[in-house]
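> For reference, the chains in residue letters:
There are 2 protein chains.
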Amino acid sequence: MEGTSAPVAMEETTAPPMSKKEKAKLEKLAKKNMMKQMATTQLNADDEEDALAGNYGDVAMENLQSKEKSGRVWTQVGDLGQDHAQQTVLVRGRVHTVRGKGSLGFLVVREAGHTVQCVVQVKENVVSKGMIKYVTKLNKESIVDVEGLVVVPPKPVEGTSQPVELHVTKVFCVSTAAVQLPINLEDCARSEVDFQKGEEEGKKFVRVGQDTRLNNRVIDLRTPANQAIFRIQCQVSALFRQALLDEDFVELHTPKLIAGASEGGSSVFKLEYKGQPACLAQSPQLHKQMAICADFGRVFEIGPVFRAEDSFTHRHLCEFTGLDFEMEIKEHYFEVLDVLEKVFLTIFDGLNEKCAKQLKAINEQYPFEPLQYLRPTLRLTFAEGVAILKEAGHDVDPMADFNTETEKTLGKLVKEKYKTDFYILHRYPSAIRPFYTMPCWDDKRYSNSFDVFIRGEEIISGAQRVHDPELLTKRATECGIDVKTLSTYIDSFRYGAPPHGGAGVGLERVVMLFCALNNIRKTSLFPRDPQRLAP
Amino acid sequence: MEGTSAPVAMEETTAPPMSKKEKAKLEKLAKKNMMKQMATTQLNADDEEDALAGNYGDVAMENLQSKEKSGRVWTQVGDLGQDHAQQTVLVRGRVHTVRGKGSLGFLVVREAGHTVQCVVQVKENVVSKGMIKYVTKLNKESIVDVEGLVVVPPKPVEGTSQPVELHVTKVFCVSTAAVQLPINLEDCARSEVDFQKGEEEGKKFVRVGQDTRLNNRVIDLRTPANQAIFRIQCQVSALFRQALLDEDFVELHTPKLIAGASEGGSSVFKLEYKGQPACLAQSPQLHKQMAICADFGRVFEIGPVFRAEDSFTHRHLCEFTGLDFEMEIKEHYFEVLDVLEKVFLTIFDGLNEKCAKQLKAINEQYPFEPLQYLRPTLRLTFAEGVAILKEAGHDVDPMADFNTETEKTLGKLVKEKYKTDFYILHRYPSAIRPFYTMPCWDDKRYSNSFDVFIRGEEIISGAQRVHDPELLTKRATECGIDVKTLSTYIDSFRYGAPPHGGAGVGLERVVMLFCALNNIRKTSLFPRDPQRLAP
Chain A
0 MEGTSAPVAM
10 EETTAPPMSK
20 KEKAKLEKLA
30 KKNMMKQMAT
40 TQLNADDEED
50 ALAGNYGDVA
60 MENLQSKEKS
70 GRVWTQVGDL
80 GQDHAQQTVL
90 VRGRVHTVRG
100 KGSLGFLVVR
110 EAGHTVQCVV
120 QVKENVVSKG
130 MIKYVTKLNK
140 ESIVDVEGLV
150 VVPPKPVEGT
160 SQPVELHVTK
170 VFCVSTAAVQ
180 LPINLEDCAR
190 SEVDFQKGEE
200 EGKKFVRVGQ
210 DTRLNNRVID
220 LRTPANQAIF
230 RIQCQVSALF
240 RQALLDEDFV
250 ELHTPKLIAG
260 ASEGGSSVFK
270 LEYKGQPACL
280 AQSPQLHKQM
290 AICADFGRVF
300 EIGPVFRAED
310 SFTHRHLCEF
320 TGLDFEMEIK
330 EHYFEVLDVL
340 EKVFLTIFDG
350 LNEKCAKQLK
360 AINEQYPFEP
370 LQYLRPTLRL
380 TFAEGVAILK
390 EAGHDVDPMA
400 DFNTETEKTL
410 GKLVKEKYKT
420 DFYILHRYPS
430 AIRPFYTMPC
440 WDDKRYSNSF
450 DVFIRGEEII
460 SGAQRVHDPE
470 LLTKRATECG
480 IDVKTLSTYI
490 DSFRYGAPPH
500 GGAGVGLERV
510 VMLFCALNNI
520 RKTSLFPRDP
530 QRLAP
Chain B
0 MEGTSAPVAM
10 EETTAPPMSK
20 KEKAKLEKLA
30 KKNMMKQMAT
40 TQLNADDEED
50 ALAGNYGDVA
60 MENLQSKEKS
70 GRVWTQVGDL
80 GQDHAQQTVL
90 VRGRVHTVRG
100 KGSLGFLVVR
110 EAGHTVQCVV
120 QVKENVVSKG
130 MIKYVTKLNK
140 ESIVDVEGLV
150 VVPPKPVEGT
160 SQPVELHVTK
170 VFCVSTAAVQ
180 LPINLEDCAR
190 SEVDFQKGEE
200 EGKKFVRVGQ
210 DTRLNNRVID
220 LRTPANQAIF
230 RIQCQVSALF
240 RQALLDEDFV
250 ELHTPKLIAG
260 ASEGGSSVFK
270 LEYKGQPACL
280 AQSPQLHKQM
290 AICADFGRVF
300 EIGPVFRAED
310 SFTHRHLCEF
320 TGLDFEMEIK
330 EHYFEVLDVL
340 EKVFLTIFDG
350 LNEKCAKQLK
360 AINEQYPFEP
370 LQYLRPTLRL
380 TFAEGVAILK
390 EAGHDVDPMA
400 DFNTETEKTL
410 GKLVKEKYKT
420 DFYILHRYPS
430 AIRPFYTMPC
440 WDDKRYSNSF
450 DVFIRGEEII
460 SGAQRVHDPE
470 LLTKRATECG
480 IDVKTLSTYI
490 DSFRYGAPPH
500 GGAGVGLERV
510 VMLFCALNNI
520 RKTSLFPRDP
530 QRLAP
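These protein sequence lines are chains A and B, in that order.
Going by numbering that gives the first Met the number 0, the first sequence opens with residue 0, and the numbers climb by one from there.
Going by numbering that gives the first Met the number 0, the second sequence opens with residue 0, and the numbers climb by one from there.
One or more of the hints may lead you astray.
When chains are identical, the list treats them as one kind, so a pair holds in a single copy or across two.
To be verified - Simulated crosslink set (BS3-like; lysine-lysine; CA at most 25 Å straight-line):
#1 Lys-68 to Lys-329
#2 Lys-353 to Lys-66
#3 Lys-483 to Lys-269
#4 Lys-273 to Lys-329
#5 Lys-66 to Lys-443
No lab work stands behind these hints, which were simulated from the structure alone.
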């Protein structure tokens, strides 16, 4: 919302003066509560002679230390609607904007990204000039309790998310924010469209850079888009988990502290563990597979994954949330793809169904096209992917991995041809997959592996694993890995190991790509990259 | 189950010979599949002249490399019941025990802790002597595919979990276990009662120590009790999560890599992060609170917590799974207790309702009394706890923390007096709580804090937090903490902070104490303690 234009709009939409009945009701309410509120608030020095001073003020600390359970009920700002009309409600939220004009004050209160306009108008026995003075002096982002009558304005309020106004009867400040905020929330919440509009009107808006935002993440996270992003992230976890629980998967928690270095490849974070060398798990791969060898059948984990890579891209983090699963395969790695497909269609459908409000909030700041996906999901072999690229005139090595650019190109071509942003590429060349990937039965140059793409970017990697200790030893040797360093891993398969496969997904990437955001730091609550370890 | 007695029991309970119709059906089925199976299996050298060799053998590697999707359906051993009677089913499981006797073989197949007896009997055109020979030579713990007719025996089979038998028509080995297993599953699964019975009968059973089990965790985890423990753990997570989602909580993932050392107290794991000193989060405390200051209202996290403490007790781990939540408080920390109570009653009720099978499996190896709990949950102040102890003649300092022994004693006294294993102790002395705990409004020697106990052991710790930066600074100083080291933490509250509180629970402790297990290593999949970093 645009804060600067809001007060004007609000003034225009203020409801007509109260009826006598309303007034009497409010007065009665005010008197009833006055003694109580006098006892529970501090008076401002200015207001010593205000007989209505009990209706506003800073709440004394002792009243925030669990002094009483009054039975009062708070309504959430985001729930305020026309069905509350003519009810007196109590809300707790932040001072989003505030503006005074003679005997009228305008306070926009925000809670979890939702905003409501609160009108403070002098009224006998209820609202004094002192209250308006008090309200207009409130620091932005302070936490306030506001009691007021819900009024449906004749014209909808512009610039707030809720369609109603509160006609304030009481205001108490629960926590005062510093006068000077390091970043301004309105600046953080402004969309590209608003920037352009402002420019056309000759306004100069401040642009808050990604680093400044992250340095002040506690404020930055309060924008409607950020409130929405992490509620969507929560839904992705919840849908992923429930889809797998419904398929008889068991949720595990595998250790993140690992002796020595976990499965080769990208670099690891090393530490000393009680005198032993240790590292942080780069993936739950080994332990997931051990759980399969330990008869859990189908397992999954949602947990942190640590990568000490020096990747300064829009899509890499040093710590991210892995959504991993592993399952017994009876015959074919397509069984893994079937589960994967079910899980992701559940996630996409679920987000569209349950998170309409949140998707709208994100769209308002970062406009994006809704994700297109087919049912069933498109499955192409790697070779088919190569053919599509070649057909379009791109010269690609059919046995080498695609780079990010090629993946994006393929994504566009697939979108044109099949009308989907979500698809599976499988049967990758063995040479570009880890040694523990099961080779294809008919051509060992290829493997029973897959990647999954959203909007041309990889979000999932998975495969059937080699469950046979002899073949595993052979594959490691062929890949030039010292088998001695793998003995614990290989030994896990010596006591009977069912064929199995699985996949790993990055939670932050799913959210980023579903919403077509341009940086993974936007979907990590407190991101960690090679240059950022705080807050 | 007792493996040694099983085969005898099985023999007695073998169903009567097949009817002609059954036989014809099986023969038809066998012929139909023979050519296919011949192609998909390796023949054993011994069996070259066996015309029925296509009905058994080791599966060739290429047939485990996703060669085909045949459409065959596998039934789970744990699902096999009388409603499958006279149906031909296919199961995949482990060779639990095997025994041959002339033209009869007995194979107990185990899947996820469930066992079924499979009878291999020579039958014209279906089962040859070669098959019996093959079956009896299978190594324990190998993975096998068994096809057979489900038969309800006249007397229930002893020593297996499923009430039916399979009359085998085909057996294929999918993965061969090493001849020599480091630990024997039957030894791992034996209960104290069985040990005593064995002793009385003059049998000498092997006792597998905790360390040996953990060194060979992949095998140890296959026991029915362990299969049950981690399915219960999964349910605890699921119930905790759902109860909080239902209460409008948002699931978060906070970083585990922290700059410097996280909140004081017990020692931390240190590491180098791209040239900066870093450590592993000892709790999500700081980031949970930041999320509250970032307007998420109510948040929770399920994730690893790292403690480098040198605690060699039955209840401490260096890495465990924390169930943490934090929420805005409108007036009183009892709001936190109300949520806590709801969540834990949901968990207890849910486990009793959904995990009857699993609780039975645990009970068979580790007998325990079901948890007794009241509705609503008993809440006592710390002072009331002290009084109960004093009344019973225990001399305790009313302002000092209870030690583990005293907690257990109080647990017993409370159980006697109130008939509950689960209760809350609140209003602890401020001196024994962290500096960020909110003091009571009426007596700052006490704090708005609580611990929760199951069977006399603490599982949860929580409190209302100080949300005011001035009071927080004052409290830190009073506690002798250098405020400079806390600047990031304290600054989070300077831009408006709602009153809030929360709690942290150890997942492994909940499972351990619900099931009255004696060691937390039993409820951690791959435990980490000061002396164990593997597997």
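> Within, between, both or neither: how does the pair Lys-68, Lys-329 come out at a Cα-Cα threshold of 25 Å?
Classified as between: cross-chain Cα gap 9 Å, same-chain 58 Å, threshold 25 Å.
> Please sort Lys-273 with Lys-329 into within, between, both or neither, judging by C-alpha distance up to 25 Å.
neither (42 Å within a copy, 44 Å between copies)
> Can you give me the call for Lys-66 and Lys-443, within, between, both or neither, at a CA distance of at most 25 Å?
For Lys-66 and Lys-443, only the inter-copy Cα distance (12 Å) is at most 25 Å; the intra-copy one is 72 Å.
> Between copies, within a copy, both or neither: which fits Lys-483 and Lys-269 at Cα up to 25 Å?
For Lys-483 and Lys-269, the Cα distance is within 25 Å only inside one copy (20 Å; across copies 29 Å).
> Since the copies are identical, ignore which copy is meant and state whether Lys-353 and Lys-66 lie within 25 Å (CA to CA) inside a copy, between copies, both or neither.
neither (38 Å within a copy, 40 Å between copies)
Consistency with the previously given hints fails for numbers 2 and 4, ordered from lowest to highest.
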